[in-house]
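Colleague: When you get a sec, could you build the whole thing from the sequences and use the hints?
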Amino acid sequence: MTDKALSIDQVFKDRGKTRVLDDITLSLAPGQRVALLGHNGAGKSTLIKSILGLTPIHGGAIRIGDATPGSAQARRETAYLPEAVSFHPALTGREQLTLFAKLSGEKADVPALLDRVGLSDALDRRIGTYSKGMRQRLGLAQVLLGKPKVALLDEPTSGLDPISRQDLYAIIDELAAHGTAVLIASHALTEVEARTDRIAIMRKGRMVADDTLSNLSALAGLPIRLQVRASTNPDALAAELGGKRINGVSVELLCSPDDKMEALRRIAGMGDAVADVEMTPPKLEDLYRHYAQEEMQ
Amino acid sequence: MTRFLAITRTEMLILRRNRWLLVATLIMVLFALALTFAGSAPTGTLGVDMLTVSVASMTTLSVYLAPLLALMIAFDAIAGDVDRGSLSLLLSYPAGRGEILLGKFTAHLAALAFAMFIGFGAAGAVAAWFGGAGPESLMALVRLILTSILLGAVFLALGYLLSALAKGATAAAGLSAGLWLVFVVLYDLGLLGAVVMDEGGTFTQSVFPWVMVANPADAFRLWNIAATEGVAMASGMTGAAQALPVWAAPTSLLIWPVIGFALARFAFRRVEP
Chain A
235 MTDKALSIDQ
245 VFKDRGKTRV
255 LDDITLSLAP
265 GQRVALLGHN
275 GAGKSTLIKS
285 ILGLTPIHGG
295 AIRIGDATPG
305 SAQARRETAY
315 LPEAVSFHPA
325 LTGREQLTLF
335 AKLSGEKADV
345 PALLDRVGLS
355 DALDRRIGTY
365 SKGMRQRLGL
375 AQVLLGKPKV
385 ALLDEPTSGL
395 DPISRQDLYA
405 IIDELAAHGT
415 AVLIASHALT
425 EVEARTDRIA
435 IMRKGRMVAD
445 DTLSNLSALA
455 GLPIRLQVRA
465 STNPDALAAE
475 LGGKRINGVS
485 VELLCSPDDK
495 MEALRRIAGM
505 GDAVADVEMT
515 PPKLEDLYRH
525 YAQEEMQ
Chain B
97 MTRFLAITRT
107 EMLILRRNRW
117 LLVATLIMVL
127 FALALTFAGS
137 APTGTLGVDM
147 LTVSVASMTT
157 LSVYLAPLLA
167 LMIAFDAIAG
177 DVDRGSLSLL
187 LSYPAGRGEI
197 LLGKFTAHLA
207 ALAFAMFIGF
217 GAAGAVAAWF
227 GGAGPESLMA
237 LVRLILTSIL
247 LGAVFLALGY
257 LLSALAKGAT
267 AAAGLSAGLW
277 LVFVVLYDLG
287 LLGAVVMDEG
297 GTFTQSVFPW
307 VMVANPADAF
317 RLWNIAATEG
327 VAMASGMTGA
337 AQALPVWAAP
347 TSLLIWPVIG
357 FALARFAFRR
367 VEP
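Chains as they are written, first to last, in my numbering: chain A, 235 to 531; chain B, 97 to 369.
It is worth saying that the hints were derived from the structure and are not from the lab. Heads up, some of the hints might be wrong.
[Unchecked claim] Between beta-carbon pairs, the in silico distance windows are:
no., chain 1, residue 1, chain 2, residue 2, range
1, B, Thr266, A, Thr446, 40 to 50 Å
2, B, Thr98, A, His412, 26 to 36 Å
3, A, Ala318, B, Ser302, 56 to 66 Å
4, A, Leu357, B, Phe213, 33 to 43 Å
5, A, Asp358, B, Leu101, 17 to 27 Å
6, A, Ala318, B, Thr98, 23 to 33 Å
7, A, Gly482, B, Lys263, 49 to 59 Å
8, B, Ala209, A, Ser365, 30 to 40 Å
9, B, Leu101, A, Thr302, 21 to 31 Å
10, B, Lys263, A, Ala318, 38 to 48 Å
11, B, Asp284, A, Pro345, 32 to 42 Å
12, A, Ser448, B, Leu101, 46 to 56 Å
13, A, Arg399, B, Thr266, 47 to 57 Å
14, B, Ala206, A, Thr446, 18 to 28 Å
[What the hints assert, rightly or not] Calculated lysine-lysine pairs in the DSS-like style (CA-CA distance at most 27 Å, straight line):
no., chain 1, residue 1, chain 2, residue 2
15, A, Lys517, A, Lys438
16, B, Lys263, A, Lys366
17, A, Lys381, A, Lys336
18, A, Lys251, A, Lys438
19, B, Lys263, A, Lys438
20, B, Lys263, A, Lys251
21, A, Lys478, A, Lys517
Backbone N, C-alpha and C fix where the C-beta goes; we use that ideal spot for every residue, glycine too.
Modeller: If you want it as structure tokens, here you go:
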């Protein structure tokens, strides 16, 4: 028995001569939301397909609860939303979802599920007439079938407008509240920031980070960015503060979290020479760049 | 256990919705009727009823049409889902790959059977009404319909095999056209060439009939021709049929769908969506 909803332990996979998954270890507790970030080709989709048992792994082990990937039990307990999913254009949303409900062996209230994702008006229209966002919502509706132990969402926000994204994250929160472990592979960094419990970053088939956002920030030691706008002479200000000029009137200054207050005191002490100060803490984007490109520089 | 039926139901819906069923049935009816009327001339000279002549013409028609219609549905079965990105989703559900393939096969075969039954049935009824029919020619008609469905089953299974092997639905369509050409046209041309070269030697005497019956399309033809004397006379193809034991053609046509399905199942297992 294990208390993990999903555990991935030292997984390797080769495709030809390239190692596409290299010593991947990751685990999700029930109800946990984890963002899986990485460039295109970093191995996110391959990892998800390995969890589903759709592609073989060449070392290590993956468990969904106690089940092995691809086993009947594992397939009952996982829900999956493929990247840019598409369905047969001749079927209606209701027919497609009814098929999935029958395949999963669940007694499902199909109209209620489609209503939950905002498709109640398109219930009996052909999928061929759906927009990309509507197809994505239909894909999301089938994730909600049954009570999955693990939900794997590959780029779930692609093609969605901002309001739909809000809905999507509300649905993800709902899944997590019911005890489903949710793994979200995404490029939409800023949204993932607020909406997940942990962040895992992959680079070239390796897991380069796996922690909470604040821990990752502290670990990376990324600088805080201070932008100081001069009231008259930016060159003099730059010379005094030791930063660099970035446009006609401003000076940019980078400092570590520990030196932040010291720098602010110096700026405040300069009186009228400073017109304005803007402070930007490191964002997920900087963090992502730090971890995902570390060795490339 | 009932999962493959859910797939079957959905596939039937698709065939109805995208008009495949309607078009296939129309094609069958039109061609069968046209051949029945065009081929009604030799009735008097051969001394057989019109339905017999009609069945002989429709046998030739079915050799071309049954594989074509079957391949037209089958090529998209796996490659189409791969292209749409919906196969990975389908395979993440508890239904096994065998169940998915069986579900599609059941639906596609039912649609083919419907088109064959209506098409040949309508033409047969017309021939019987105008030119008479007997118990023997009615049997020939029933045999024609059932063997056409079997021939369709062979090419459905082979179509799935190509659909699993091909990279994309377009490639699968191309491969299917090639397969049709080889089995239905080139195979016979090759055999004909060999027989001409051999000039009645051992190849023509003993090997040729077996090579011929190994092709499901030819097995279909031989079965229908050998079984009814009238049909054999009307089609003028008695020689090859007499050189083989009675069980040869039926065995070939019954084994092919099983082999084809097993190959398709094996190829499908290796598909990584």
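Colleague: Confirm or reject each hint.
Modeller: Status of each hint after checking the structure:
Distance hint check for threonine 266 of chain B and threonine 446 of chain A: the Cβ-Cβ separation is about 47 Å, which falls inside the suggested range of 40 to 50 Å. Hint check: threonine 98 of chain B to histidine 412 of chain A, Cβ distance near 27 Å, so the stated range 26 to 36 Å holds. Taking the beta carbon of each, alanine 318 of chain A and serine 302 of chain B are about 59 Å apart, inside 56 to 66 Å as hinted. In this structure, leucine 357 of chain A and phenylalanine 213 of chain B meet the distance hint of 33 to 43 Å, their C-beta atoms being roughly 35 Å apart.
Checking the proposed 17 to 27 Å range against aspartate 358 of chain A and leucine 101 of chain B shows it holds: the Cβ atoms sit about 22 Å from each other. Range check, alanine 318 of chain A to threonine 98 of chain B: Cβ separation about 31 Å, and the 23 to 33 Å hint holds. The hint said 49 to 59 Å for the Cβ distance between glycine 482 of chain A and lysine 263 of chain B, and at roughly 56 Å that hint holds. At about 38 Å, the CB distance of alanine 209 of chain B to serine 365 of chain A agrees with the hint of 30 to 40 Å.
At roughly 27 Å, the beta carbons of leucine 101 of chain B and threonine 302 of chain A sit within the given window of 21 to 31 Å. For lysine 263 of chain B and alanine 318 of chain A, the Cβ-Cβ distance of about 19 Å falls outside the hinted range of 38 to 48 Å, so the restraint is violated. Checking the proposed 32 to 42 Å range against aspartate 284 of chain B and proline 345 of chain A shows it is violated: the Cβ atoms sit about 55 Å from each other. Between serine 448 of chain A and leucine 101 of chain B the beta carbons are some 52 Å apart, a value that agrees with the proposed interval 46 to 56 Å.
In this structure the hint that arginine 399 of chain A and threonine 266 of chain B lie 47 to 57 Å apart at CB is violated, the actual value being about 34 Å. At roughly 56 Å, the beta carbons of alanine 206 of chain B and threonine 446 of chain A sit outside the given window of 18 to 28 Å. In summary, the hint linking lysine 517 of chain A to lysine 438 of chain A is supported, as the alpha carbons are separated by about 22 Å, within the 27 Å threshold. At roughly 24 Å between alpha-carbon atoms, lysine 263 of chain B and lysine 366 of chain A fall within 27 Å of each other, so this suggested pair holds.
Note on lysine 381 of chain A and lysine 336 of chain A: the hinted pairing holds, with a Cα-Cα distance of about 15 Å set against a maximum of 27 Å. At most 27 Å may separate the alpha-carbon atoms for a hinted pair to count; lysine 251 of chain A and lysine 438 of chain A meet this at roughly 14 Å. Between the alpha carbons of lysine 263 of chain B and lysine 438 of chain A the distance comes to roughly 26 Å, so the proposed pair stays at or under 27 Å and holds. Restraint check for lysine 263 of chain B and lysine 251 of chain A: the C-alpha separation of about 21 Å stays at or below 27 Å, so the hint holds.
For the hint pairing lysine 478 of chain A with lysine 517 of chain A, the CA-to-CA distance comes to about 21 Å; that is within 27 Å, so the pair holds.
Of the numbered hints stated above, those contradicted by the structure are hints 10, 11, 13, 14, listed in ascending order.
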